[in-house]
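For chain A, the structure is supplied; the task is to place chain B on it using the hints.
Protein chains: 2
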Amino acid sequence: MNYLNLFILTIFCLFTSGTYAENHPDLAWKLGYSKTQLEEPVNFISANVPGAVQLDIAREEKYPSYSFADNYKKFSWMEDRFYTYVTSFRKPSLNTNERLYFSSKGIDYQFEIYINNEKIFAQEGMFTYINVDLTDKLKDDNVLKILLFPAPKRFPFPVDRIQASNVVKPPVSYQWDWHPRLIPLGIWDETGLEVRNRSYVEEVYINYQLASDYKKSVITILASGKETAGKKYSWELTDADGKRVLHTQGEMQDVLSVTGISLEDPKLWWPHDQGTPYLYLSTFTLFDGSGKEIQKVVQKVGFKRVRLIMNEGAWTENSSFPKSRSVPPAQFEINGRKIFAKGSNWVNPEIFPGIITKERYKELIDLAVNANMNIFRVWGGGIINKESFFELCDEKGILIWEEFPLACNDYPDDAHYLSVLKQEATSIIRRLRKHASLALWCGGNELFNNWSGMTDQSLPLRLLNSLCLEYTPLIPFNPTSPLMGMGHGNYVFRSPDGEEVFQEMKRAHYTAYTEFGIPGMSPIEVLKQIIPENDLFPPKPKTAWEDHHAFGAWMGNTWLCPEILEDYFGKASDLEELVKQSQLLQCEGYKAIFEEARRQKPYCAMALNWCYNEPWPAAVNNSLVVYPAVCKPAYYAVKNSCRPFLASACLSKFRWNEGEEFFADLWLLNDGYEPKDIRTVTMKLVAGDQTFDLLTWHPGNIKDNTNKAGPTCRLKLPHLNQTQFRLVVEVEGHPEYNSDYTLIFIPKYSVNNDKTPVMNAN
Amino acid sequence: MNYLNLFILTIFCLFTSGTYAENHPDLAWKLGYSKTQLEEPVNFISANVPGAVQLDIAREEKYPSYSFADNYKKFSWMEDRFYTYVTSFRKPSLNTNERLYFSSKGIDYQFEIYINNEKIFAQEGMFTYINVDLTDKLKDDNVLKILLFPAPKRFPFPVDRIQASNVVKPPVSYQWDWHPRLIPLGIWDETGLEVRNRSYVEEVYINYQLASDYKKSVITILASGKETAGKKYSWELTDADGKRVLHTQGEMQDVLSVTGISLEDPKLWWPHDQGTPYLYLSTFTLFDGSGKEIQKVVQKVGFKRVRLIMNEGAWTENSSFPKSRSVPPAQFEINGRKIFAKGSNWVNPEIFPGIITKERYKELIDLAVNANMNIFRVWGGGIINKESFFELCDEKGILIWEEFPLACNDYPDDAHYLSVLKQEATSIIRRLRKHASLALWCGGNELFNNWSGMTDQSLPLRLLNSLCLEYTPLIPFNPTSPLMGMGHGNYVFRSPDGEEVFQEMKRAHYTAYTEFGIPGMSPIEVLKQIIPENDLFPPKPKTAWEDHHAFGAWMGNTWLCPEILEDYFGKASDLEELVKQSQLLQCEGYKAIFEEARRQKPYCAMALNWCYNEPWPAAVNNSLVVYPAVCKPAYYAVKNSCRPFLASACLSKFRWNEGEEFFADLWLLNDGYEPKDIRTVTMKLVAGDQTFDLLTWHPGNIKDNTNKAGPTCRLKLPHLNQTQFRLVVEVEGHPEYNSDYTLIFIPKYSVNNDKTPVMNAN
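Chains A and B supply the protein sequences, listed in that same order. For what it's worth, my numbering labels the leading residue of the first sequence as 1, then goes sequentially. For what it's worth, my numbering labels the leading residue of the second sequence as 1, then goes sequentially.
Just so you know, these hints were derived from the structure itself, not from any lab. One should not assume that every hint holds.
Put simply, identical chains are the same to the list, so a pair is met inside one copy or across any two.
To be verified - Derived EDC-like pairs: lysine to aspartate or glutamate, alpha-carbon spacing no greater than 20 Å straight-line:
1. 422 / 470
2. 232 / 288
3. 323 / 499
4. 216 / 414
5. 323 / 497
6. 323 / 410
7. 653 / 665
8. 145 / 40
9. 528 / 574
Same shape as in the complex, but just chain A (with noise of 0.2 Å):
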């Protein structure tokens, strides 16, 4: 074999949150892999870490992109292989106060690690951070390797995400309606070699309880970490401005808490729509005997106080004998303000989280913001996003309802997996509590539904409720979404017994809708790049067009649905079109059902579609951004209907005919912080050039944090030379708060592509 030989940096250990990996000398690694574990691998690769070791296979191989077309199969016999990570370097020279460790924020799944073939370290789990020491095993040359095994599989499961059900792995990698069957593995987070003081600190929570006025924030300091008891510290609290405005040292235990600390005054970190998200910088200092600086801690603190509160008119329903219980909370808090959470559900940006860099969550966090929305659900059935994730939402403003790694299975209450599970669960907690944005636990997706098959028994939902209280406590905990009360679905324009978002939405009490979805296709320049060019047009099952999601994904022709986009537009003539038909159900439905959650209000708190974004390229998606971060019409659509304030049509179906009476209602909806004085709007009826005048309405003042029903308007309506029409809601003097909205108008008499007579009825 042959070893790279490295020079290592030797280093003051001087980390900073976030910027853990620069520090860390950079490692060559290969990569090989074999059929059984006693096997030696015969080849070796260069290998990326972090990665996948998929993705350096697919490189050295010259695989074609698991993108295109069912390439992605060609990556199947990956899930079964052992691989070995192996990289060599001399031994740095320490001082006798110098440790050199391996470590690493995440190798993907089960591993051990050899250092000159001894065996040192053992583990199962992707989330929690690897720490070993290596100074006194180290020779003057050395090999470290890392042995990972195959892609878990419960045992005897179907090639379904039930092979998933006993581990803390993501599960939707096992397949799901939007995600290709791809089970990555390898190194996927920061990882290296780092010289530390043998004195060092591990953990630096700045834990804190705000007055209920808001005038304090009560801090306790809680630090822990290797050989530092008797070690002096000191720590800092600065502002924004790098003022300092607390201070305070002293002498290190083995475990550091120092309570009672007040900040007066707090600025409060707030989601960016409703007011600033301000944070503090923590600076911790370690020092040696003589007074030198070993390490600096430094990590951002945000004060706020969150709750999940009943949501209003909750606690006086279901009011006849024999009694159950009322609906659990879902309504959010923020700094004792109701808020109206808005947002979406968040699916990892990459099939391989390995390779998913800050920037890109810049990009989807930042597209977020713009889109008025507040909070993300991460969704339990993809990763624990890395720290730049988290460390983005703090800083810009949006909160974070965080799933553990559980979705759409049974996980057993079986004590190797209870031990795992509490084991990640662990480190997730005590690594995500420290962020600003953490708003919400949820155990994970859909348990307590019939194709999970969890209940409230379950002791892994149990253990996290447990483990959330330990760490955590004045962070809300839901074992699963949905809950009584809520929402999940539905996830197409129209459900096969014929009711469209309209009506489903109109006849819908929920406190909140935390999952509904309408497919829409991708541009078509994207599709171009996952598509054969021959199977382009028309789509069709059994092709590309099905590995991507159009067709056999969830129930009937999802995502596709070609029977209701040519019921409602007749036959598309090119992919254009069909592209054009699907964006546009797209946004009408997310417009629908986002305006009339927001109308629900205050009874409903919180509305986010299914889903934001995609870890691949899918011709067809319930997303509002195309992998990588390509905004869909919906998006814009969207980002409307979030808007804090807008006038809102409140529509009761999609298509109408001609002699039918038309009718909308009139809203005004505020979620912000402030009341508003609108003097007139009106709403016309727009067909290509012929325009009609609805109504004018004079609703004066609304209320902050609240909708105003204003009048409803009606039309027998004309004959349209078009077979769509706009219903445009105006405000006088503000543009920006205008909508409108594209409905389907079917004239008399009117005939469709294949020549039957269309039923006029409603």
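Just chain B, lined up with the frame of chain A:
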């Protein structure tokens, strides 16, 4: 002050579970009280220990019985005093290995302990056993003093249960709709001095896990105590015949954990109606260095597996979008067998728990077994019962749903309350977990309803979930009752809107009926003991009737409901007639509910009426057993409705008119684990000497644990010579399965007592 001097029996501490007190030398206690903590009491009276300060004062000052009329009001001043219990004793002779302990199983509620005027212990909480080593503080003559604080009252709330909303003290005594305002204080469980070896075992817990085929029990012995490390121990398990089936020995550690002890083919513990509540005997013996026995801990062990699983059909409900979650599980499975849980809500059998005896427990538990009940829900408004309660339930085969002492209040997320709750709950869980009868933990009563105001986010409930998981992961936990899909109420035969229990139960669809009640009057002999003779008839508000819950207890004129009685039966001419009317409604109402709940099996899996017993003699109450242990007629009605196998009629209303078509559905109900073969069942209508045969059914085979619906009888009601008639269901050759129901008949042109013509409409 005048203290009694006592001789102390210096015996070896040889305690066995449940007979802890036998080794406590008797102490003579005196009691005094004062208005402030600093004042010394002026007078001391003799005190009964265990008991209550109120009972000592009442005895000494010759108070009349608190059960009569409104005498309990005379006790109210006692809520706000400081109490001092005091006793004196000579120092016993102790060898170098012996220590003298003051030990108590319960002092209610907040107290400090002084030896020779030095404070040596303080505690808030009545359920944590107290063990104070006095040895180093002993003089030749010693004075032991317990200073008790006044009844805790949350400030500034009204004189109501809400005053108990931040303490771990049963709120029931702060007043309930069947409990007077009378808040016990004092030493309430076995208490005394005890000579112990320096090395002693405090807790032995025989933990186990049954194999999935129940062919093996894998046992872990957990033992902990004081200065036990290095001492030898032996342990044996004997069966009910005294035959040793397991044995091991070894050396103690501070916390001993001996795992993997296998018992092959264990005899299982079953609720009495499903099999034998088989108990083994565990004997743990501690030896000193010379091999001499120091201590024996003897306790019974039953092997069972309990789970709460999904009710049949519950997974497939609520199938339309948006989807919420499925209801939580409410089906008990014992040793792999689904059982229908039939029973009642247990409340404190005394206002003052200090005077509850094992004999009282036995009498009440025997009655429950006799009434075919297999479960008690020990309601969260009351105390955690004494050990003998659980020992008897273990022996008799009654399952225990055990609630923590939280009920109908919004217990706060406050650090002090949480710390007391943690201490008390930990003590409770560790004490009760050894009992075979323990089947379900529950956070408390009706906490997720608007009159309480707690939610899934409330930290006290998250804490209880977490502690139960830590100490008893194999016992299910519910945060409260009712949960979604479970029903509480109604509590009257007919609600104000005219709906009777018959109709209410027919529209009801619940996984479990965990509370439902029908009020019934106490027997005349009881009434005469509590109501002044002049007030006996007719019952009126603002008299002793109201003090004893006949009026103004809950909504409307509960619990007497005179307008309902009069409407059905006409005005009663004397007390005897009134009692009969009330008791008839209670009987028929309870039969309707228990039997309908059973008909709703398998979706429904539980029926528990509110309530079983009562802490003092109520004039009218939903109870089946009047204080102290007097069976109402409803007790026998419920006993019949709970027979494992019976013929049952499903009725639709209580009052029938001449000429109307009477109908009733015939059922056979089988909760037993045997199939039945039934040849012939008949139904007939009987009114005095008039008899009408209604139908004959040949049902044939009835599967185990399965009901069978039969035909519906119909009869156009002829003129009957009586105002009541009976529907009689007879099983040929099996009179033990017969049932009958009493109903009201209204002849045509009848007039009621006040001369208003009766409306004969349905």
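First find the shortest C-alpha distance between residue 528 and residue 574 inside one copy, then the shortest across copies, and answer within, between, both or neither for a cut-off of 20 Å. Within one copy, since 14 Å is at most 20 Å while 93 Å is not.
Tell me, please, which holds for residue 323 and residue 497 at an alpha-carbon limit of 20 Å: within, between, both or neither? Between. Shortest inter-copy distance 16 Å satisfies the 20 Å Cα cut-off; intra-copy 33 Å does not.
State whether the alpha carbon distance between residue 323 and residue 410 is at most 20 Å within one copy, between copies, both, or neither. Intra 30 Å, inter 18 Å, cutoff 20 Å: inter-copy only.
Intra- versus inter-copy proximity for residue 414 and residue 216 (alpha-carbon distance at most 20 Å): Between copies only: 18 Å across, 45 Å inside.
Treating 20 Å as the Cα threshold, decide for residue 145 and residue 40: within, between, both or neither. within (12 Å within a copy, 76 Å between copies)
Please sort residue 653 with residue 665 into within, between, both or neither, judging by C-alpha distance up to 20 Å. within (12 Å within a copy, 46 Å between copies)
Intra- versus inter-subunit Cα pairing at 20 Å for residue 422 with residue 470: both (12 Å within a copy, 13 Å between copies)
Given a CA cutoff of 20 Å, do residue 323 and residue 499 count as a within-copy pair, a between-copy pair, both, or neither? For residue 323 and residue 499, the Cα distance is within 20 Å only across copies (15 Å; inside one copy 32 Å).
Intra/inter-copy verdict for residue 232 and residue 288 if alpha-carbon distance must be at most 20 Å: Classified as within: same-chain Cα gap 7 Å, cross-chain 48 Å, threshold 20 Å.
In summary, the structure agrees with every hint in the numbered list given earlier.
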